[in-house]
Amino acid sequence: MLETFLSINDAVNAVVWGPPFLVLLVGTGLYLTIRLDFFQFKHFKLSWDKSFGRYFSKEVEEEGGVLSSFQAISSAMAATLGVGNIAGVSTAISLGGPGAVFWMWISALVGMATKFGEAQLGVKFREKHGEDDYTGGVMYYIEHGMGGKWKWLAVLYAFFAGIAAFGIGNMVQSNTLAHAAESGFAIPTWITGLAVSFFVGLVILGGIKRIGKVAERLVPIMAIFYFIGGFIIILINISALPGVLADIFANAFSPAAAFGGFAGASVRMAVRFGIARGVFSNEAGLGAASIVHAQAKNKPTRQGMWGIWEVFIDTIVVGSITAFVVLLTGALGTGETGAVLAAEGFTRGLPGPGGYIINISIIIFAYTTMLTWSFYGEESWRYLFGKKIVQPYRVVFVILLFIGAIGALEPIWLLADTLNGLMAAPNLVALIVLAGVIVKEKDDYMDTLDKSA
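Quick note: the sequence shown uses this note's numbering, first residue 1, plus one each step.
Read the hints as simulated data drawn from the structure, not as lab findings.
Where is the CB? At the ideal position from N, CA and C, for every residue including glycine.
A portion of the hints provided could be inaccurate.
Each computed DSSO-like pair below joins lysine-lysine, with the alpha-carbon atoms no more than 27 Å apart [said to hold, decoys possible]:
| id | residue 1 | residue 2 |
| --- | --- | --- |
| 1 | K299 | K451 |
| 2 | K151 | K440 |
| 3 | K45 | K128 |
Pairwise CB distance ranges (calculated) [claimed, not checked]:
| id | residue 1 | residue 2 | range |
| --- | --- | --- | --- |
| 4 | I406 | G352 | 26 to 32 Å |
| 5 | F253 | V12 | 27 to 33 Å |
| 6 | S254 | L449 | 18 to 24 Å |
| 7 | K42 | I238 | 27 to 33 Å |
| 8 | P351 | G130 | 51 to 57 Å |
| 9 | G147 | M446 | 23 to 29 Å |
| 10 | F253 | D447 | 40 to 46 Å |
Full structure from sequences and hints, please.
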């Protein structure tokens, strides 16, 4: 039974992560980058000023919505800063070689435009149902932006996202967290499973407001903690950095030779796994983040600017930390993969504290990822079945956390990878169709800025 399931999943996965789909994924980001006149690069500082800069200036936000923009971005990054940055990036390198890092960067640079569009449209087409009750995301900008005849595509997205929430946002995370606790602190997986179910349930039963409050506290602290640990390792090995960078760029266009436990990698593998794992890391193209961005007290284009920085911090900064640690310490030659490879890099780079840094990071990142993905799934099932589904969904979500913690990892990872691709397809179609709306909304906002200057 399991073998049949895995063979079917492999066949679907080969299609959704095959060359045509990867071209569509990166091509959509490139298309939006061109249509937006390279907005994420030309207005990089402006996007900072209107996102994190506004937060640090304590400027009051009153634009509807439930969450502050910082709570929204923290919640969105709670879903992306996690296993994808650690296990996902490490897997990309172990399967695609150093060159995979280059393609991860490329997917992120154009993905900044993709995430800008997703966040902007999420706010623009959201619905208000009552006090502190907003819904938004891919389903809504497909239905309201593209028209009622496209509702079937919105339903398809909601179904894929709803199922994916039980995989990528639930069992994958609890499983990885449980194994990190077991290997790092000798805690049995069933105990971790019970603890995870309790602490996640404690937050998600309070809805998006409670998720936002927890995310805005945990996410920045953990991101800085992980960054500092990785940055210290980079500084210790700074003399080897030019050679690592040379390998990244060389192996992006030529095969990576085998050494030690590393089997080598072709250019095709570098491209495939670099882009696929880059998307798993920052989720640009999946559209899921638009669901929580739609909760922000902000204007559409200004919230889109938070999306630009979400991808930059997630992949260009945090994802690169993992990549450099793995490559600088020689951990790639061990033949390990996933989170174990990242842990090997941190342990080699900082003997003693390195192992604790990676295990604590995985535990906290996985925890916050589960919180936000529970909301993504909740909103997807709510779109399909109405508000009555919310409480039963939350109960099922919590139960599956325990099952994921004590179950086998490989089938869950493989299914999550496939569901990522299936989710992306309806969203990418919507972004291409609605590119004109994204551009007009951006131009109108920039005109307003020019007039007020």
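Checked hints:
{"no.": "1", "hint": "K299 with K451", "in the structure": "holds, 17 Å"}
{"no.": "2", "hint": "K151 with K440", "in the structure": "holds, 23 Å"}
{"no.": "3", "hint": "K45 with K128", "in the structure": "violated, 32 Å"}
{"no.": "4", "hint": "I406 with G352: 26 to 32 Å", "in the structure": "holds, 30 Å"}
{"no.": "5", "hint": "F253 with V12: 27 to 33 Å", "in the structure": "holds, 30 Å"}
{"no.": "6", "hint": "S254 with L449: 18 to 24 Å", "in the structure": "violated, 45 Å"}
{"no.": "7", "hint": "K42 with I238: 27 to 33 Å", "in the structure": "holds, 32 Å"}
{"no.": "8", "hint": "P351 with G130: 51 to 57 Å", "in the structure": "holds, 55 Å"}
{"no.": "9", "hint": "G147 with M446: 23 to 29 Å", "in the structure": "holds, 27 Å"}
{"no.": "10", "hint": "F253 with D447: 40 to 46 Å", "in the structure": "holds, 42 Å"}
Checked against the numbered hints given earlier, the structure breaks hints 3, 6 and satisfies all the rest.
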